[in-house]
Every structure is written in C-alpha cells, then in structure tokens.
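With the UniProt record's numbering applied, the sequence shown covers 1 to 255.
Hints were generated in silico from the structure; no laboratory data involved. Only a predicted model underlies this, so the values are computations on that prediction, with no experimental measurement involved. No residue lacks a Cβ here, since even glycine has one placed at the ideal position from N, Cα and C. No incorrect hints appear here.
Just the calculated beta-carbon pair ranges, DEER-fashion:
(1) GLU3 <-> ASP46: 26 to 32 angstroms
(2) MET67 <-> ARG213: 31 to 37 angstroms
(3) ASP225 <-> GLY184: 40 to 46 angstroms
The calculated lysine to any residue pairs, modelled on SDA-like cross-linking and capped at a C-alpha distance of 25 angstroms, are:
(4) LYS210 <-> GLU95
(5) LYS129 <-> GLU56
(6) LYS93 <-> ALA204
(7) LYS172 <-> ARG153
(8) LYS189 <-> ASP118
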Amino acid sequence: MSENVLVGQDGRHLSIRLNRPESRNAITVAMYAAMADAVEQAGSDDGIDLVTISGEGVDFTAGNDLMDFMAEMPQPGENTDIPVWRFLRAMAKNEVPIIAKVHGNAIGIGTTMLFHCDLVVAADNARFKMPFTELGLVPEAASSLIMPELAGRRAAARYLLLGESFGAAEAKSVGLVSHVAPAGDLDAKFDEVVTTLLSRPPEAMRLTQKLLRTSDRHAILERMDHENGHFAERLTSDELKQAVMQFFAARGGGN
Numbered sequence: 001m002s003e004n005v006l007v008g009q010d011g012r013h014l015s016i017r018l019n020r021p022e023s024r025n026a027i028t029v030a031m032y033a034a035m036a037d038a039v040e041q042a043g044s045d046d047g048i049d050l051v052t053i054s055g056e057g058v059d060f061t062a063g064n065d066l067m068d069f070m071a072e073m074p075q076p077g078e079n080t081d082i083p084v085w086r087f088l089r090a091m092a093k094n095e096v097p098i099i100a101k102v103h104g105n106a107i108g109i110g111t112t113m114l115f116h117c118d119l120v121v122a123a124d125n126a127r128f129k130m131p132f133t134e135l136g137l138v139p140e141a142a143s144s145l146i147m148p149e150l151a152g153r154r155a156a157a158r159y160l161l162l163g164e165s166f167g168a169a170e171a172k173s174v175g176l177v178s179h180v181a182p183a184g185d186l187d188a189k190f191d192e193v194v195t196t197l198l199s200r201p202p203e204a205m206r207l208t209q210k211l212l213r214t215s216d217r218h219a220i221l222e223r224m225d226h227e228n229g230h231f232a233e234r235l236t237s238d239e240l241k242q243a244v245m246q247f248f249a250a251r252g253g254g255n
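Please take these sequences and the hints and turn them into a complete structure.
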C-alpha cells in the first residue's frame, strides 16, 4: 500500500483515506494502485460490509498529480490496464456500499469518483470542478454518461465543457451529493450515516446496492472504456502539453 493512502479496517468497515495533504491529496499512480487494491479487497471479502473514502488536510483531493500521471501513462500499444482505470472499474463494479466524505475542493477525479459512490456526505463549503477541457483532456469515469443523466445535458455542458465549479448545495440538487452538513458538523453527520448503515442487515444492504446499480453497470463500463481511449490519446497531444505548461506557470512552477 502507498503511504499516501491509509487503508484501515474496523470490524465490517473498510476505510480509505487520502493522506497527501502537502499536495492537497493530488493522486499519484501508486495511490491509485493502493485504492484499487482496497476496493477490490472489499468486493472479495464477505467480512466487509461498508467502504468509506475521505481525505486528510484542507481538501478532499486536487485530482490527478499531473506530472506523475503523464510520466506513468503507457505509450500507445502498451498495456492500458493502468491503476487509475483499474480503480474506477473496481468502483463501478463494486457490490459493497461506498460512502465518501468530501470537504474543501474535489477536483477532477475528486468529483468523478463520487458518481460511483452510493452516498456522498459533503461539507457545505465543499467545491467541485471537472476541468478536463481546460487541460486538453476529455471526461473520465463515465462522467460524460452519468452527469447528463443526473443534471441534464445543459448543466452537464456547464460542468464538463466549461469546467464550471459548483458548490455543495448545487451538487446535492443534481444528485451528486446525498447529504450536506455545516463544515463543523461534517464528521458527526458522516459518522451518523456510517453507523446507520452498519446497523442494517449486511446481506440486505449488499442486495439492495446491487439492485440499484445493476441496470446501468454495463453502459457505465462501456462508456469508461470509450472515454479511456480518448483520454490516453489526449495525454500525448500538444494541447495537453501546452495546457499543463500554462497550469504550472500560473502556479509558479508548484505542484
């Protein structure tokens, strides 16, 4: 496991915590591998009935660590079963309820992974953004399918074409977030939801979660594969290289 991803088990509850606060929990390839391992473990372990995902520090996650991600991406023709896509597929296929706790910023995959959580508890000051086109990229995680289904095509274009950021109240109104709590009460609300779910009969929970997901799982996995092909192509594009240079120049070369 990556030291930047803390995986723990307390009884029937498996927790995944992003632990790279000095980089706003920007996710590296090694972190994706650890997260994929954890979600796959939960799916194959009858002793785990609930998975939670959260982040340490001021943000849930700033999204991909761009430099790490670009350096580790396979070249055309190489094995494309990379950790980030393995993680997203594991999330989409998972048959154990997953809850996310979101505070601060949830950028890129910090937002798109939430489409594959069953419940999302967010602080009222949380912010969400999917800046794919700004970076010369395309949507991921079947967000090009799920976002229009949740919010409608016009709103989805705002989020995915324009890359507009939006707050927790708007995220709840379109169905991305299930619960919004004052920032100071986020932990208490999250713990309440976790406790409630763990009090339910586990087999009933698993079956209900499976029923909720079964109808659209094939379409989601198919869209992921379609997006991934375009995403991989974009990573070698001049548009991406220019966008990343501008991104780091605007931040003074910081990560």
